[in-house]
Structure formats: structure tokens, C-alpha cells
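This is what each chain is made of:
4 protein chains.
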Amino acid sequence: MMVKVGIINVTGYIGMELARILHQHPQVDVHSITGRSTAGQKLGEVLPHLADMNLTIEPELGEVTLVFSALPHKTSAEAVVAALERGIKVIDISADFRLREAKDYDKWYGFTHPVPQLLGEAVYGLVEFHRNQIASSRLVANPGCYPTSAILALAPAVKEGLIESDIIIDAKSGVSGAGRTLSLRTHFAEVNENVSAYALEGHRHLPEITQELGRLNPALALAVTFVPHLIPMSRGMLTTCYAKVNVGKGSVEEQKKKVLELYTEFYRDEPFVRVVDTPPQTKQTLGTNLCLIHPTIDPRTERLIVISCIDNLIKGGAGQAVQNMNLMLGLPERMGLEGSAVYP
Amino acid sequence: MMVKVGIINVTGYIGMELARILHQHPQVDVHSITGRSTAGQKLGEVLPHLADMNLTIEPELGEVTLVFSALPHKTSAEAVVAALERGIKVIDISADFRLREAKDYDKWYGFTHPVPQLLGEAVYGLVEFHRNQIASSRLVANPGCYPTSAILALAPAVKEGLIESDIIIDAKSGVSGAGRTLSLRTHFAEVNENVSAYALEGHRHLPEITQELGRLNPALALAVTFVPHLIPMSRGMLTTCYAKVNVGKGSVEEQKKKVLELYTEFYRDEPFVRVVDTPPQTKQTLGTNLCLIHPTIDPRTERLIVISCIDNLIKGGAGQAVQNMNLMLGLPERMGLEGSAVYP
Amino acid sequence: MMVKVGIINVTGYIGMELARILHQHPQVDVHSITGRSTAGQKLGEVLPHLADMNLTIEPELGEVTLVFSALPHKTSAEAVVAALERGIKVIDISADFRLREAKDYDKWYGFTHPVPQLLGEAVYGLVEFHRNQIASSRLVANPGCYPTSAILALAPAVKEGLIESDIIIDAKSGVSGAGRTLSLRTHFAEVNENVSAYALEGHRHLPEITQELGRLNPALALAVTFVPHLIPMSRGMLTTCYAKVNVGKGSVEEQKKKVLELYTEFYRDEPFVRVVDTPPQTKQTLGTNLCLIHPTIDPRTERLIVISCIDNLIKGGAGQAVQNMNLMLGLPERMGLEGSAVYP
Amino acid sequence: MMVKVGIINVTGYIGMELARILHQHPQVDVHSITGRSTAGQKLGEVLPHLADMNLTIEPELGEVTLVFSALPHKTSAEAVVAALERGIKVIDISADFRLREAKDYDKWYGFTHPVPQLLGEAVYGLVEFHRNQIASSRLVANPGCYPTSAILALAPAVKEGLIESDIIIDAKSGVSGAGRTLSLRTHFAEVNENVSAYALEGHRHLPEITQELGRLNPALALAVTFVPHLIPMSRGMLTTCYAKVNVGKGSVEEQKKKVLELYTEFYRDEPFVRVVDTPPQTKQTLGTNLCLIHPTIDPRTERLIVISCIDNLIKGGAGQAVQNMNLMLGLPERMGLEGSAVYP
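Residue numbers (numbering that gives the first Met the number 0), protein chains in the order written: chain C, 0 to 343; chain U, 0 to 343; chain V, 0 to 343; chain X, 0 to 343.
Since the hints were derived computationally from the structure, they do not count as laboratory data.
All values derive from a computational prediction rather than experimental measurement.
All C-beta atoms, glycine included, are put in the ideal place defined by N, C-alpha and C.
Worth double-checking, as some hints may not be accurate.
[Stated by the list, open to error] List of simulated lysine to any residue pairs, SDA-like, C-alpha gap at most 25 Å:
{"no.": "1", "chain 1": "C", "residue 1": "Lys256", "chain 2": "V", "residue 2": "Asn53"}
{"no.": "2", "chain 1": "C", "residue 1": "Lys106", "chain 2": "U", "residue 2": "Lys106"}
{"no.": "3", "chain 1": "U", "residue 1": "Lys257", "chain 2": "C", "residue 2": "His202"}
{"no.": "4", "chain 1": "C", "residue 1": "Lys243", "chain 2": "U", "residue 2": "Pro298"}
{"no.": "5", "chain 1": "C", "residue 1": "Lys41", "chain 2": "X", "residue 2": "Leu219"}
{"no.": "6", "chain 1": "V", "residue 1": "Lys243", "chain 2": "V", "residue 2": "Tyr266"}
{"no.": "7", "chain 1": "X", "residue 1": "Lys41", "chain 2": "U", "residue 2": "Gly338"}
{"no.": "8", "chain 1": "X", "residue 1": "Lys243", "chain 2": "V", "residue 2": "Tyr266"}
{"no.": "9", "chain 1": "X", "residue 1": "Lys106", "chain 2": "V", "residue 2": "Tyr266"}
{"no.": "10", "chain 1": "V", "residue 1": "Lys41", "chain 2": "C", "residue 2": "Val275"}
{"no.": "11", "chain 1": "U", "residue 1": "Lys243", "chain 2": "C", "residue 2": "His202"}
{"no.": "12", "chain 1": "V", "residue 1": "Lys256", "chain 2": "X", "residue 2": "Lys243"}
{"no.": "13", "chain 1": "U", "residue 1": "Lys243", "chain 2": "U", "residue 2": "Thr300"}
{"no.": "14", "chain 1": "X", "residue 1": "Lys106", "chain 2": "X", "residue 2": "Glu62"}
{"no.": "15", "chain 1": "U", "residue 1": "Lys106", "chain 2": "U", "residue 2": "Leu215"}
{"no.": "16", "chain 1": "V", "residue 1": "Lys88", "chain 2": "V", "residue 2": "Lys106"}
{"no.": "17", "chain 1": "U", "residue 1": "Lys158", "chain 2": "U", "residue 2": "Gly338"}
{"no.": "18", "chain 1": "V", "residue 1": "Lys106", "chain 2": "X", "residue 2": "Gly249"}
{"no.": "19", "chain 1": "V", "residue 1": "Lys243", "chain 2": "X", "residue 2": "Leu219"}
[Said to hold, decoys possible] Negatives, chain U to chain V, calculated, CB over 12 Å:
{"no.": "20", "residue": "Ala50"}
{"no.": "21", "residue": "Arg85"}
{"no.": "22", "residue": "Leu181"}
{"no.": "23", "residue": "Glu189"}
{"no.": "24", "residue": "Ala220"}
{"no.": "25", "residue": "Leu221"}
{"no.": "26", "residue": "Pro231"}
{"no.": "27", "residue": "Leu328"}
{"no.": "28", "residue": "Pro331"}
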């Protein structure tokens, strides 16, 4: 018996990845997809690579058990409320239910949250830390790509009190992370053969990062500097984290070993996090729901360096959403998310 | 009257850029070029884009006033000595004369320096800090690309005592920085659509960075963590630097303004360093000898963030070498190095 | 009951794609993998993206029912013979059994074929044209990537006598098609942001193309010009074919319609060939075993233009090999090869 | 004494390349630049890589001797007329004066030409064929990038009657050729790692190609099929041309030699066309005004294959425009256009 699911706004990058992954999922049926300007068209006309799915884009969501909202922030909140009122479970891909404090939406997103009472109910969908709540929730806020890569990289160190409060997060993202909306900064000839930093005044993903890391160790007064960079590739995200470490008085090699063991132990049972002993590459995660993490110690400054890699559209988006869905529907967590990276 | 210059090992990426730039230089004549496996061939057969130069690659250096050695480290030192003995001025592109301490060659490069007595004489060819010594030197050590971008980014803050001793340098380099020697990590399908960090145990450019920054402010016991990353583009280097700052008790906006003014003043008369008030992009330097620098303050942690961009083969290599040459030959510093970026 | 299969030389691009695809195949078990210089290492050490497979690279092939040989040509023939003698079914990824005439190996590959008697037995593994023979064969020669894209694009027109004998095939290939062996022409900085034509004197895939197209219509004395081009992308192949057409005296629109119908009908039952009515893009096939084909008529010259797109490592390599395997093992042809393109 | 020139619509890709090249030109002074939405801003704010020029974008053209109009077609014609009426010489970058027949604008561009009487006066600015008329003209129509590469590749064969009338032109262009206007087909993640053919029903550059080739040999009733392809790189254009050849009864090697000699002779005195004896690569022209041409004979079908490479924004745009300007102003043709390719 297949579970009927829907996708609101299927035509963005996360929306189309959701469609692709769910189409291969053995226990769910993509029953209803919606789009804004494309309603009425066949999915394959708008997205030829999904022609096999033989679906029509609808103006309104049909009857489903669970829906993914891939609308932009602010607009998404309204769609989420409407679905919940119909008794549909919701995974919100937008930022609208990620932050605990309603006032943060005024500050970071420039709008007054329409349903602040739901912020307490919504579960932050980083499975590795909220597995049980997700399983019993009707509203999951799917994390942003930067927070996914940064929190997974830093969580063991933060939680175990391994590091001091000063943290630098230097993230490198493929251009698909900026979405499918046209802009000069995602125009091919502008971004190709080019690297730039952006959002130096503060990126919207920062409050997610500090909120979730803060929960892991409330005693640590985190001072996080986060700088995202745009990289000339379609997919992939590599995040390099730096912090002062305190793992005892051993030699650098002993400290390295200790950190690696601690990280390995921390994620031992996680199906989609893999602690590796050499620096990972984003391409090793392309097309997968994996997060590769490499913690090490700078031998001269004895600083902790942690590098994480994800596919920003999968573990940083659609794959993580399906992982959440599996839990919410009582299905095996890995279902539909197996498979190795498409390399090279 | 044209000055005769030579290029030893013209077939690497810096070597060929030297040839290209010097070919357009109004006061020098590329009189002699050498190559190892290509001796006897026309330059245009080996490098078709330089067919106009109508030169033959020779096994031995001819009669020149000044020579650039673009050999790999260790091999270069021998060629440098031979040229100096012939009374030829030398700009060494390799690392062989960049470090002051002979023992650092054992440690970082794995060989015993053959002419340690020359290390004291050689001038580190970062023009912005050693202009006068370069002008009167017969041996200049052209800086590495990472040190150029990092030192220029940090020098004002270090020299003016603006920051504390803990520094993070997160650098992103185009693949040409890894040279023209074949390896799996520069094989197209491996590095394309991929980002990775490397040399986490310590990159050879680190001692250059600490040596030169240390000279600027010996009182500051620098603790530098430097992590280089490989970016899927041919050229360009963006370096992001982080440090705790101390610019007085003003608001963040005041601090930002103060830092920007200090940087602008510091580089006011430099022809090839431009302090900019928005985040720069590597492509804005492509094909030029420029270094763009953007200093700012993280509004939440009040940390200094400095971003610098260069073309790794020009200001990070051949262009800087020509800038050195101009000084050594008594020519105007900008000569042959004008021109805006090839954009997009 | 899982069928045991092996991969000889798993470390090339087709070899690793075979491993990836077979790892997800529900009816086969990758039981034995071999490598030349990497024997003794864990697969995950050599290819981190396949660490999940938990296999060790062996010097010699173990006990399997069917093996893929991904060795280079000439070397492969020997491995194929050895496997056949052990009663193992073989799919040869190399060119060693693709050509009917032994003398063509002297001419095109520069070696004397060691087992010419097997050339008659080997079946050319383009499933769309040799399905039944493949199913009953013990030796299948997996087609090259260029022939796959060109033959599928032209076969309907050739077989139905739609075109005259003069054919131009202008093919554009991603760089992974050149393999994993290091060379200056696949060095990142050389091929990135660059396009070039090569093998103008005749590419080794040409005799495959003419052999197989010739079989479809022996009466047509084909005169094929084939020019391959190297494109700065990792994967994907787009082939543009041109020929004079004869589809009756209708208007251009009528001719277009007729050609589109004929192509659609020709491939109606093929699971991996899709005739499309707008120009396809290589990215629409990335990660899939699909071939997209768009036939049209140039309205001014009334020439046939056919464009085909494949993923050169899948339908042009590993995927097609698995499709062959499915037939040889009596499994459903699509098994293990489902899934939509990884886009963008 | 510097000549004052202007650029109308400096913010497109050809406009900004014009500014860059002219800024380094020793005999002209960029005196006036205009933009539509950017009027009033400093050039360096809009295009940071041109900050050195220290110019302000104006709403109206100032007093200049010669102006480049880089407006889109239709809009450009009006600006051209206004400039001519002020006695200013004009080089029109748009298509508005390239075609001889006013009705072709209705057919190919969908508008009625406002000043058809000027079409006879305008000179097609492909210097290699109209040098004298350009020198004495007040209105030059700068050719499109595809026509430049195709006409230069085919002209010797067409003019000398070397080939039959059936011609295939398969062109591959970098994405900057599609301009700076935003569209999904130039959105980074859509076009990166992707190849596609487009305009199969007929590209607007086709009538230019047939018009100019037709003039060279009116007796030859050309039947040209032209298919452009979009390549994932910023700059560069490679055009592959195919035609039946008639160079006498010699061996293939003799025919090759004859064709190569004929082409070499044809372009002997051209400063910016170089006939080469190995297949050229687009990157060998990057940043230059060069066109590299390689003619050869397919040894099996004895068909002529000609490959040409240009930088689509320079010889296919801004560089060719400056070459035209030099002639119109009585300056040396090469002035401001020297320099080797920026490689790699």
C-alpha cells in the first residue's frame, strides 16, 4: 500500500530533486504536484528529465497524507497552515519554521511570522539530533544546506565540550544553492571561473546554526562567524570549521586520534554521516544523502579543523526531507536514499 | 635600447605567463628561453598561443641581463647560482630563496639547501614591503601565490597591531596553482565540479606567510592556521582571513569605517593593490597584476574578516615577477602590467 | 538467489560506474573486483565514494558467473579468453571484440588480434539491434560511447532508407570519455574553458559506426565523416548528425512530422531510447541509461538533422553493459537501471 | 592628439569589452559612455573590473568623433541614425545594418527596418573582405560572432570554387555569446555541465553567413545548414565546417597540402587570421582578436573539414569593432589589439 504524498512548488531545484527521489521510493506515490506559473502543464514539458513521471502540475494540492512545501519563505507558511488544517503532515523546505523565536523572522527575513504559535510545535528536521520528535511530529522544518553541513561538522565538538566558544565557519557552496530564480549573480558567465564571498553582514542561515549548536551545549556562549562563498560548480558544499580545542595534553597525533575516535563514536549509528580519516571532496557525495566529516588538529596551533561535505540539494535539501518523511511515515530511514555518489 | 632577459623552464604555467607578459613589455626583449624536455623545438610548437614570439627553446641560457628561473624547487637553486656567477640578475620563481632559515628547507621541502649563504642576500619579492631592497638586489625570491594573497590581506592589520595573534587563513585556489605536472588531483574529471581542502598537516607556503607577517610586527606571536582549498576553475585565488580585532570601542559601523580607512591609507600609493568597499571576486582580477582587498567587521562577533583576490598566475606569479624586474632594471614599476581584467 | 559477477580493472571510469550500478542491482552480487596497481587495497581507499561496498581489490578474478572486463584494448582480449575458458560469461568493455574483421585491429588499433576466431562469435552489445543474440551469447562486445550515440541517432533513417549515403557526424563529448589515464589534454587547466576537435585523420570509433550502420542497410554505400570534440564538462555526449533526406514531397512541416513519427515508431518499445520533439540536453541524461533523440528537418536545405544525448559513462558504457548483463542472465532488461537524471 | 570615442550601452558583454580594449588603446580616448538603467552611476560601481577608467555612465552620448552602438537590435538603428545626423562615425554592434535587404529584417528579426535607405551605405565590417570600404565609411555593421567564425573558415574554399554548394556549419559557442540578459538557458546550474543545440529552425546569424559567402562566389548556389550549440564555458567559439571538395585527383595527403597552402596564401597578409596545421583550440584565442583556421581533408570521404576558433567577444565582437575603428580613423589596423592569449 503506497502512501500518497505531494510537492508544493515542484519546479525549483529542491522541488525537482524531491520528485526524482520520491519517484524511486518503493513505498510512496507522488500523487499531487503544484506549481505557480506552470499549473496545467505536464511535468515533462517543464522538466524534461522527469518526463517518466507522467504527472500534471496542478494549481492546488490534491488528497495526500504528507506534503513537502518547497515555496519561498513567507509564502510557504501560508501553504503549511492550509495543509495542516486539512490534516496533512508537512515537511517545510523553506525557513518558515526553522527558528524558535518569532522575532527572528522580523530580524532576519523581514516579515512578521503569521503563525508564531506553530514555531514551538515544529521540529527542526536534522534527523541526527531530533529523530524521535520528528517521528511523532506533524510539522517538520527541513534545515538549510549551510546549517546541515555546519551543525553536523561541529556538533560532536560542541556537545562534548571539546572546543572553546569562538568558532569560524567558512563555507563553499555550488551555485544551485542560490536556487532557480534568475539573477546576475547566478548568470553563467558571471559566476563561472569565479569565486566570491557574500553576506558578510550576516547570512540568514546563521541563526539556525547558532540556535541548534546552542541547544547541544547551552553552557557554551558561542561566538560564530559564518562566511559563505559561491563556487563555480552546480552542486556540492564543503564547510571548513575552525575552533580552539581542548582534548588534553597529548601530542598532536594523540589529539588527532582522540578527536577522530570521538567523532566516529558520536556518529557510529548514523546511516548518512560518515566520519573519514582523509579530507573529503564534495564530489564523493554527489547524488547521495551522505555527509562526510573529517576532523583533525592543526599541528602548529593545535586548533580543531573540521571539514564536512554534502550534496547541497540532497542532504542539504531533498534527501534530508525524504529522510524526515520516512520517519514521519514509520518507514525505514534509509528507504529510497541508498546509492553511491555519481563520480566523476 | 631593449634589455635582454631570459626564462628558464618556459613551459610551466608561470613560465608561459612570463613569456606572454614580457612579449608585450616595451623595454625588454625575451632573448633566451630554455626548457628541459622541449629543447630544440619552436616555442609555438609547444605552446601554440605563443607562436607570435618566434623563439626556439634552448638547452642552455643565452646572454641576458636578467633571468627568471621557473624551475621546480631544489633544481632552481642550482640554476640560480649558475646565473649569478655569470653576473646575471635573477628572479627565482621557485621557493628556493624565499625562506631565511636554511633548516626550513630540510623541514618543509625535504632537501638540504645547497647555498645557504645566499639566503641572507636574497630579497623576498613582495614589492609592497621590500621595494628598495628589490631595486638594488641581484637575487629576488618571487613569493608564492598563497603568501601573496594572505600577506597583502593581513599586513595592515598585523603591522598596525589591529589584531590579536590568532589568525585563520582559508584560501581558495584555481587549479592552475597546482602547476602543469600531471596528477590525478588535477585530472579534469576528478577536480571539475568538486571542492576539497588539502595539506591540512601544513602547506609549504605557511612558513613564508608567518616569516613575512612576523617581520611586520615581531612583537606579535602569531598563531596562524592556513587551509588551502582547490576550486574548479583555471585561475584565481580568493583568501578569507579571520582574526580578533581591536579597533576601539565604537559601533560596528564605526569599526568597519575605521578598518577600511586604515587599509585604504596603508595601500594608498600602491599601483597594484586596491582596497574595495564591497566583497571582491576573483574574476575581477583575471589577467591583471591586481590584488583586491576588502576588510570588514563581523557585526556579531566583532571579528576582522579580510578577503583578498588575485590572479594566482599573475600577482601570484608572473606579474609580480615582472613588477620585481621593473624595479631591478630601473624601469617604471607598472610597465607592461597595465590593463583591466578579462571579464567575463 | 544473487548471481555472482566480477569486474576486471574496476578503477577506471567505466569500471567504477559498473561497481556503483551493480551495487544497487537487486539480483547480482559484485563478488570479485580486480585492479592492476591497486591489488590488495580496499575499494574504499582507492575510490572513497564506493567505501560502502566493502570490497577488496584482488590481483585475480574470483569465482563468478559473469565478468565485465574494463581493461584497455589488447590487454582485455587476453583476460576475456581466460574468463571464457573458465566458463564465465563475458562483457568486454574494451574495443577488442567490437569489429568483425581481424585486420581492422591491425589498421585501427595497431596490434594483431590474438583470437580472431572469437570475432565471429562475439555479439555487438547495442541491445536495440541485437537483443536476441545477446541473450544467448557468452561474449558481448560493449559498444563505444560515440558509436552508441551515433548509431542510435541514425539507425532509423539508415534502415528505412530515408537518407542518402553522405553522413556527417559531429560529436561533443565530456572529458571523462578520455578515461582516467593522465595526459596533458585531460589536465584540468588545459581543457577547462576550452573546446577542440580531435582525431581528424580518423577516430577509432569510426569503423564501429560504419560496420553497424552498414548492417542495417547493406545497399547504402555509406560515406561517413565523423569528428569528435572535447567539451569542458565531466560527463555527457551530444551528437549532431546531418544527411540528405528523402521523405517525400510534403512541406517542411510535413516532413518533420513524418520523420518524428518514423523515429517514434522505430523506438516505441525501447526502454532506454526516447524520441523527443524538442532539442535534448546532455544533462537530461546524466546518471541514467537513457538516449534522447531529436530528429528534425532543416527548413531551408531540407536536410535531416538528428541530435542524440547520452551519459557517456552509462548508456555509453557501464549502463549499457548492465543492460547487456540483464539479458545474458535472463533478468528484466531495466533492472538496476531505473531512475531519472540528476539535474541540475 | 587622442580621438574621442563613445560607447552606447556599455554594460553588456561586448560593451564592457570595448571599454577594456579602448582603455588601453594609445590613440583614442573613451570620452562618453551611456547606459540605460545605470545612467548616473560610476562605471566602476556597475563594472568593478573597469574602476580604473574613472568614467560616469551618461544618459546621452557626448561629443565624440566615432561611436560604438552596443544596443540590442531595432533600438540600435535609432541611436545610429541620431549619431550619424550629428556627424559622428558609427560602428553598430547590433545586427541592424548587417543585412542588405530590408525585408530580411521583417523575416528574421520581426520588425520593419526604420531606415532601409542606409542598408546600402552600411559596410559589413569583416575587415578581411571589405577593408577599403570600411576605411572610407561612416557606418560599419560589425559582424555577428557566428558569421565571423564561419565566413573566415569557408571564404577561401568558396571564393576559389574549391567546394560544392552543400555546406554544414556546426558551431560551438561559450555562454557569453548569449549576452548578459537573464534567462533560464544562461542560468549557471542549467547550462553548466551541459551541451545543447538550439535554433534548429534557423538562427538569425544564418542570413549574414549566406549573404557574405554568396558575395564571394555568386555562381555557387549555396545550401547552408547551420546549427549552433551552447558550451559550458564563458568565452570561445569553435566552428566546424563540412563540404564536398574538389581539389584535383591527388592523394589525400596531396589534397591536404594543397588546401593548406591555398588557405595560407589566402590569408597571408592578414594580421588577425592564422592558418594552422594542427587542430586549434578556443583557449588559444582567449583575450585576443585572432581567428585560428585549420583546413583538412577527411581521408575516407575526401570531404573538406575546416575548423575555426575565435574569442566570441573579441574577434567575434569588440576586437573586430576596434579593428574597424582603426581603419575608419586612419590608424594602424593592429593598434590596441596586440597581445597573446591568456592561457590557461
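Do the hints match the structure? See the list:
no.: 1; hint: C/Lys256 to V/Asn53; in the structure: 23 Å, holds
no.: 2; hint: C/Lys106 to U/Lys106; in the structure: 51 Å, violated
no.: 3; hint: U/Lys257 to C/His202; in the structure: 23 Å, holds
no.: 4; hint: C/Lys243 to U/Pro298; in the structure: 21 Å, holds
no.: 5; hint: C/Lys41 to X/Leu219; in the structure: 47 Å, violated
no.: 6; hint: V/Lys243 to V/Tyr266; in the structure: 22 Å, holds
no.: 7; hint: X/Lys41 to U/Gly338; in the structure: 19 Å, holds
no.: 8; hint: X/Lys243 to V/Tyr266; in the structure: 32 Å, violated
no.: 9; hint: X/Lys106 to V/Tyr266; in the structure: 37 Å, violated
no.: 10; hint: V/Lys41 to C/Val275; in the structure: 14 Å, holds
no.: 11; hint: U/Lys243 to C/His202; in the structure: 20 Å, holds
no.: 12; hint: V/Lys256 to X/Lys243; in the structure: 29 Å, violated
no.: 13; hint: U/Lys243 to U/Thr300; in the structure: 9 Å, holds
no.: 14; hint: X/Lys106 to X/Glu62; in the structure: 36 Å, violated
no.: 15; hint: U/Lys106 to U/Leu215; in the structure: 24 Å, holds
no.: 16; hint: V/Lys88 to V/Lys106; in the structure: 28 Å, violated
no.: 17; hint: U/Lys158 to U/Gly338; in the structure: 30 Å, violated
no.: 18; hint: V/Lys106 to X/Gly249; in the structure: 22 Å, holds
no.: 19; hint: V/Lys243 to X/Leu219; in the structure: 19 Å, holds
no.: 20; hint: Ala50; in the structure: 16 Å, holds
no.: 21; hint: Arg85; in the structure: 33 Å, holds
no.: 22; hint: Leu181; in the structure: 4 Å, violated
no.: 23; hint: Glu189; in the structure: 8 Å, violated
no.: 24; hint: Ala220; in the structure: 38 Å, holds
no.: 25; hint: Leu221; in the structure: 33 Å, holds
no.: 26; hint: Pro231; in the structure: 8 Å, violated
no.: 27; hint: Leu328; in the structure: 30 Å, holds
no.: 28; hint: Pro331; in the structure: 31 Å, holds
Of the hints listed earlier, those the structure fails to meet are numbers 2, 5, 8, 9, 12, 14, 16, 17, 22, 23 and 26, in rising order.
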